[in-house]
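Listed in order, the protein sequences are those of chains A, B, C, D and E.
The first sequence: position 199 = 199 (this note's numbering), numbered continuously.
The second sequence: position 61 = 61 (this note's numbering), numbered continuously.
The third sequence: position 116 = 116 (this note's numbering), numbered continuously.
The fourth sequence: position 136 = 136 (this note's numbering), numbered continuously.
The fifth sequence: position 328 = 328 (this note's numbering), numbered continuously.
It should be emphasised that the hints constitute simulated quantities derived from the structure, not laboratory data.
Don't take every hint at face value.
A pair holds if it fits inside one copy or across any two, identical chains being indistinguishable in the list.
Stated by the list, open to error - Cross-link-like lysine-lysine pairs, in silico, DSBU-like; alpha carbons within 30 Å at most:
no.: 1; residue 1: K87; residue 2: K172
no.: 2; residue 1: K87; residue 2: K170
no.: 3; residue 1: K87; residue 2: K264
no.: 4; residue 1: K358; residue 2: K288
no.: 5; residue 1: K52; residue 2: K87
no.: 6; residue 1: K264; residue 2: K199
no.: 7; residue 1: K58; residue 2: K288
no.: 8; residue 1: K52; residue 2: K170
no.: 9; residue 1: K235; residue 2: K264
no.: 10; residue 1: K235; residue 2: K172
no.: 11; residue 1: K110; residue 2: K336
no.: 12; residue 1: K288; residue 2: K336
no.: 13; residue 1: K199; residue 2: K358
no.: 14; residue 1: K288; residue 2: K199
no.: 15; residue 1: K199; residue 2: K235
Predicted, not measured: the structure shown is a model, and the values here were computed from it.
One-letter residues, chain by chain:
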Amino acid sequence: MKKKKKPPRMPHLYRANAKKKHQLPGSLIYTGTSTERPVLVTIFDYNDADYKEKQIDKIEDCFAYDNHNTVSWINIDGLWDTDLIGKVGQGFNIHPLTMEDILSTSQRPKYEVAENCIFVVLRMLTFNDETGSVESEQVSFILTSNYVLSFQENTGDVFDHVRNRIRTAKGKIRKMGPDYLLYSLIDSIVDNYFVVLEKLSEKIESVEEALLNDPNEQCLRQLHLLHRELISVRKSVWPLRELVNGLVHSESGLITDSTERYFKDVYDHSIQVIDTIESFRDVMSGLKDMYMSVVSNRMNAVMKVLTIIATIFIPLTFIVGVYGMNFKYMPELDYKWGYASVWGVMILTFIGMLFYFKHKRWF
Amino acid sequence: MKKKKKPPRMPHLYRANAKKKHQLPGSLIYTGTSTERPVLVTIFDYNDADYKEKQIDKIEDCFAYDNHNTVSWINIDGLWDTDLIGKVGQGFNIHPLTMEDILSTSQRPKYEVAENCIFVVLRMLTFNDETGSVESEQVSFILTSNYVLSFQENTGDVFDHVRNRIRTAKGKIRKMGPDYLLYSLIDSIVDNYFVVLEKLSEKIESVEEALLNDPNEQCLRQLHLLHRELISVRKSVWPLRELVNGLVHSESGLITDSTERYFKDVYDHSIQVIDTIESFRDVMSGLKDMYMSVVSNRMNAVMKVLTIIATIFIPLTFIVGVYGMNFKYMPELDYKWGYASVWGVMILTFIGMLFYFKHKRWF
Amino acid sequence: MKKKKKPPRMPHLYRANAKKKHQLPGSLIYTGTSTERPVLVTIFDYNDADYKEKQIDKIEDCFAYDNHNTVSWINIDGLWDTDLIGKVGQGFNIHPLTMEDILSTSQRPKYEVAENCIFVVLRMLTFNDETGSVESEQVSFILTSNYVLSFQENTGDVFDHVRNRIRTAKGKIRKMGPDYLLYSLIDSIVDNYFVVLEKLSEKIESVEEALLNDPNEQCLRQLHLLHRELISVRKSVWPLRELVNGLVHSESGLITDSTERYFKDVYDHSIQVIDTIESFRDVMSGLKDMYMSVVSNRMNAVMKVLTIIATIFIPLTFIVGVYGMNFKYMPELDYKWGYASVWGVMILTFIGMLFYFKHKRWF
Amino acid sequence: MKKKKKPPRMPHLYRANAKKKHQLPGSLIYTGTSTERPVLVTIFDYNDADYKEKQIDKIEDCFAYDNHNTVSWINIDGLWDTDLIGKVGQGFNIHPLTMEDILSTSQRPKYEVAENCIFVVLRMLTFNDETGSVESEQVSFILTSNYVLSFQENTGDVFDHVRNRIRTAKGKIRKMGPDYLLYSLIDSIVDNYFVVLEKLSEKIESVEEALLNDPNEQCLRQLHLLHRELISVRKSVWPLRELVNGLVHSESGLITDSTERYFKDVYDHSIQVIDTIESFRDVMSGLKDMYMSVVSNRMNAVMKVLTIIATIFIPLTFIVGVYGMNFKYMPELDYKWGYASVWGVMILTFIGMLFYFKHKRWF
Amino acid sequence: MKKKKKPPRMPHLYRANAKKKHQLPGSLIYTGTSTERPVLVTIFDYNDADYKEKQIDKIEDCFAYDNHNTVSWINIDGLWDTDLIGKVGQGFNIHPLTMEDILSTSQRPKYEVAENCIFVVLRMLTFNDETGSVESEQVSFILTSNYVLSFQENTGDVFDHVRNRIRTAKGKIRKMGPDYLLYSLIDSIVDNYFVVLEKLSEKIESVEEALLNDPNEQCLRQLHLLHRELISVRKSVWPLRELVNGLVHSESGLITDSTERYFKDVYDHSIQVIDTIESFRDVMSGLKDMYMSVVSNRMNAVMKVLTIIATIFIPLTFIVGVYGMNFKYMPELDYKWGYASVWGVMILTFIGMLFYFKHKRWF
């Protein structure tokens, strides 16, 4: 028997936000894992002609960007500093329940349309090549007619090419308003879903490969882990369709007609993501059935070997047993050809058995 | 074999309310388990400036709180005293069928909008750490423009922090009307669902753990119990989404615009609860499949051991049987190297078998 | 092996109404089992002040009750006498297709609103404690502004307490119109569903019990019977929700506002019945999975016993076989401690095997 | 082993209409199996007072029946003569695509409302008692205000009693318009579905019976065939509900108010058919589960027999093997009671084993 | 054991378009497999009177065909030359996002209605008889009031008969506008789905055949491959219904009333395709269940053989073992009829066993 490798630890199925339980509605409580490194606030301020990129130290500085001349993208990396986040909420005049949602980092993706702003919560999925698992981070956006505010749990995101486009004025981004910026950011997140899906499909294929060649408990465990991973990705992605559709049809006036066409594109993509996840689920469920079938099949093969050996040799052993008896009067024992005849009978029995099994197609 | 522990008793699947069968519509019949301890009536009467907290002995005293100056929360713990409950119904002018619903303690969660009041029935779920199972209690609310009436089966609830907020005037509760109070109470119940979900997720994970290491009938039984527990939690929670949505869109005028935003928050939470339950079901069904697979796998392993041993030794036993025969004329028996040759043949057979099994990857 | 009890006969899955095939639309053909005992026609004629209860011999007598002064409930037990039923149809001016539906006793529950009347078909379920199975009977109602006509296949029903309420003027029934009478009758039927559900839940629990302790083919067969019983109950109950909802929203004017509230109560109950049936199905499907798992588990246990015994004794038998050979030159046979050594080897092998199985956790 | 009967040939799963592929839209290509026997055209021409029944030789003769005085039913048996069918299309002024649909004999049931006519395609199911399988034939109807045109693939149908009613003026048919005739024809088809369902239910029950008594591969194959048969019946019947509902609500004016009531009856029947098919599927899926369970159970029983025998006799064989050894120094062999003691030990072992298995409830 | 054939390589489950990731929206990036052979542009320009067919070398030449006198069909085979495709987009004034969709060759089928044009993306499925698998290619159409633009990835399509109809003026195509041309092209694609379905049905049937006769791992693998193939075909076809329905109801004015009737025909076909795929899935899932059942059955048969042989011979071997013991005092050994009696006992045991197994119906 191969030495069993220590199986990877199963991730937690669900953890309620213990810290948050029974708090005042609108309380600012960060439910993620706190990290004490400084919160990073960066600003992109641009219009068709020019752009500024700046890292902000004093949070009050960024309130100045709420003006009509330029489009501003204020990105906040890190949510543990609830005081600072609270100031942002007050500075930009955001509803306390919205602020609470931003900090509760296990939100279901959703959008809300308020008087002057649209609030969007999404899950940014990335595939960690080292651990080989999907990682999930909550990203919130607030869109007004002047700026886009984005909140992330950790540094590191999928927005670098959006930043590059602003810097290099590539594409339409510098010519369009904050709604197009929001589209670009959401589009980046959804685009990355496809990358995650590809990685997952590779994992499924590798399990499929293993399962067809050597189905063991290791690949059963992997299948189970993949199943749970898929359930959790699905939970993150499923509400997306409704969300993007709602955004397009919200009559807030914040999303212009020219950008609408782009959001419809994101909508198409989100349907494609969901379709693909559903087909993964379908394949996975097929793999489980196949695992059972392969195992049954193998057991059948093992049983056949046992049956063939036992069925051939148990009767033969009986025959030799007969002539091992010590009765006084056993006439065969004295025959000259007795021993040879027994061999003859046994060989014939043996050959008969082989033909029987051949006929039964057992090998 | 390990000594089998006495398995826990399965809870009842369903019990009709025998006591209630074929009663007059609107009859006040308590269908829960009667307890003779006194019914507890407590009142919180507050406005922005002040609050009173009081326990009431004579039920008629509480009818005085139906006025516009303050918000009153009249909480009734214990439903067995149907006379007293009947007086409450008459005093506050509640429809007999509504009173009947309050006392029938296996209601499906629902809401009803009457002329001047909204009636809400919910199930309060709590996790009993001692028995390790989910407990369920029916809670009913009646909201008018002046007060919130709440009915509970037993003392002990999840409303303590709401009481504290009223006492300490923390948050908005003292500044808002009874609709906000109703929201706070419902929100507490829904918040506690998350705690229950966490406990259930721990139970699922522990079964998962057991199942992957040592799948036995004990964990099958636990899986089955969990399955039934989940079915019953789901039955309690599923109607919630529709209920909260209906409350928000009911045009009773009892729920003000400013509170609506808070109910939408509860709505989001209830969808999250349902999503999580569905993903639990999904994981559970995966666990069942895995149980079958693991058991099949183990049986396969057992079969292989049997087959290896039998396949190796049965032919060898045949060989030694041959030379145990008592024929007069068996030339091999007289050979000097006969015995040694037989050993040689047997050792070669043995080694050949090992290679065969190695080739088949049986170990 | 236990003596197998004769298994109960499976009920028929479906039988088309051979008698009815290709008849004229509106033909009065009774599709149930005819019984020649006389059809029973009873009348309750009541208003707030008074009531009469009477058994009618000549069917023409009951047409007189179609008047506005009193509410009449004309109940017809037995449908085999199609002539008599035809006279009823003509006397009360009922559409031929409706009459046909009343006599076709395998109708799907439905309602129809005609000009002056509402037609409702339901299935009355009762649990027969002797046979231990659910029995189903079709009940039809016709509601006009003056009377309720009810048709039953057999004598014996669940309406006795309604009769008592009319007799004793308990509750509102004597003060209300025929719509409230219809509600009372339908409510009785739905109330009895809960009783049936309880009986079914007991049967499920008893199978569950058996299955966890001693899973044999008997409880498989019971599970299958229960499954079929549940399918048939579900078919009877499922259309109910839509039916009651339709009744409430039908704009026939026959159902008054004050009764509507009561029908909504029946609607809630019918949803509860459906919910419960669905959860039964869920539990049943879990039981089937468990059956398979338990059987697999038991087989595993059996296999382990076989493997342990075979794996220990087959090699030992080989060893003793070796020294049963009759070779002339077998030095061990002549050693003084030969026999003892063989015992020693065998005991060591035995202990080694035990440790191996212990290590594998096979017992 | 029983001699395996030659299994029945599986019917084809699906065959595309090779002949029709990539033809001009509106081409008249018959996709069924051509038969060269003459196409039969029969006419029923009737009103309240009189009726004529006639077989037509020259197709042009039937165009004269398009008039308001009488209701005409022109029935065409056989579709292979596309020229003739083409003339019918031109003579009655039918849209080419409709004509194409009539000839493509694997249409999904549907209806279409054109200016002056309604086009309905249905599948007529009949149960062939000889082959024991369901047969399916496409029937198309065209309804105008003057006549009903019906197209069938083969002679032989379920309309005989409609013909008899016209001949004998039984029922309303002679008093009503062509819409009532269409209803009568569709109703006949739907009525026959119930007969087919009954036959299928008998087949299911017979498999159920076999499966509970002696589950072998034969009944597995029958189950599979039934499953496929049910899938195909379902495909034919499922669109019916929508179709009949659509007919009732089509605002073509061709279906009069008095006939609408009759179509609603057909609608109820079609729901009942679908309900029954769904419950069959449910039962079938239960049967599959049960087959697996029964087979597992039987295997378990076989394993127990093997294990009991092997576990009892393998150790005993070892014991007798011990005393078959030829060691010089084996003191037991010389004891007077040695042989008897061994028998004693073996009998005790045997009894002990029996108790062990009894305790384990293995028999 | 048969030599295992090298199993066919599983196709990839999903590959994200790595090249396209995080590009500017509207970038022209071809995501298919580039081939350097020249892009083929062919034009059909026709009206009722005349037609021209021409291959175009300079892309600018085809812009001239945007006029009202004739209907033009501009077909572009090959998408790798993004410069050329870009020029087409500019020349015909197509939205950049539409151009991007045309080049992203893993689009979900969809349609979009812009001001003056309709954009349709479909998947053309063809069955490759050599590899025995379904091949899929993206085809995009742009319909304006003057022309139809079609984009294909590779040369070779299912449109030849449309070309022939234009050349020979067969059918209505030369008399109708570009909407009818679009219909003809889409209809060709959908017609070919039926051919693909037929091929798939043959594959399913051949697996079914194999599975019933000799269920081995080869047919398990084929079943799994078919399952995945069906999932992918379904993904391509499922959105079709919605697409065609949307086209018919789009109020663009580009689809005339006379063509609408033809699109409805395509709609019916697409429902039929989806119905058929669903029934395939149903059959496939039945096949999987049957595979498991057949394997279990076979294992049962193997087990019975083993058990019969072992149960007969193990006790007999014990008996002969007894008389192989070397005890000094074994009276039976000296009896004259001892040997014969043992044979008698053994033959009786043997016959008894046979009767037992016969009784148990094991053979």
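Do the hints match the structure? See the list:
1. K87 to K172: Classified as between: cross-chain Cα gap 19 Å, same-chain 33 Å, threshold 30 Å.
2. K87 to K170: between (34 Å within a copy, 20 Å between copies)
3. K87 to K264: Only across copies: K87 and K264 sit 25 Å apart there, 35 Å inside one copy, limit 30 Å.
4. K358 to K288: between (32 Å within a copy, 27 Å between copies)
5. K52 to K87: Classified as within; 23 Å inside a copy, 35 Å across copies.
6. K264 to K199: Result: close within a single copy only, 26 Å intra versus 36 Å inter.
7. K58 to K288: neither (55 Å within a copy, 55 Å between copies)
8. K52 to K170: within (15 Å within a copy, 43 Å between copies)
9. K235 to K264: Classified as both; 22 Å inside a copy, 20 Å across copies.
10. K235 to K172: For K235 and K172, the Cα distance exceeds 30 Å both inside one copy (33 Å) and across copies (33 Å).
11. K110 to K336: Answer is neither: 95 Å inside a copy and 89 Å across each miss the 30 Å cutoff.
12. K288 to K336: Close neither inside one copy (63 Å) nor across copies (60 Å); limit 30 Å.
13. K199 to K358: The answer is neither: 46 Å in one copy and 34 Å across copies each exceed 30 Å.
14. K288 to K199: Answer is both: 20 Å inside a copy and 27 Å across each meet the 30 Å cutoff.
15. K199 to K235: Intra 18 Å, inter 20 Å, cutoff 30 Å: intra and inter.
When held up to the earlier numbered hints, the structure conflicts with 7, 10, 11, 12, 13 and fits the remainder.
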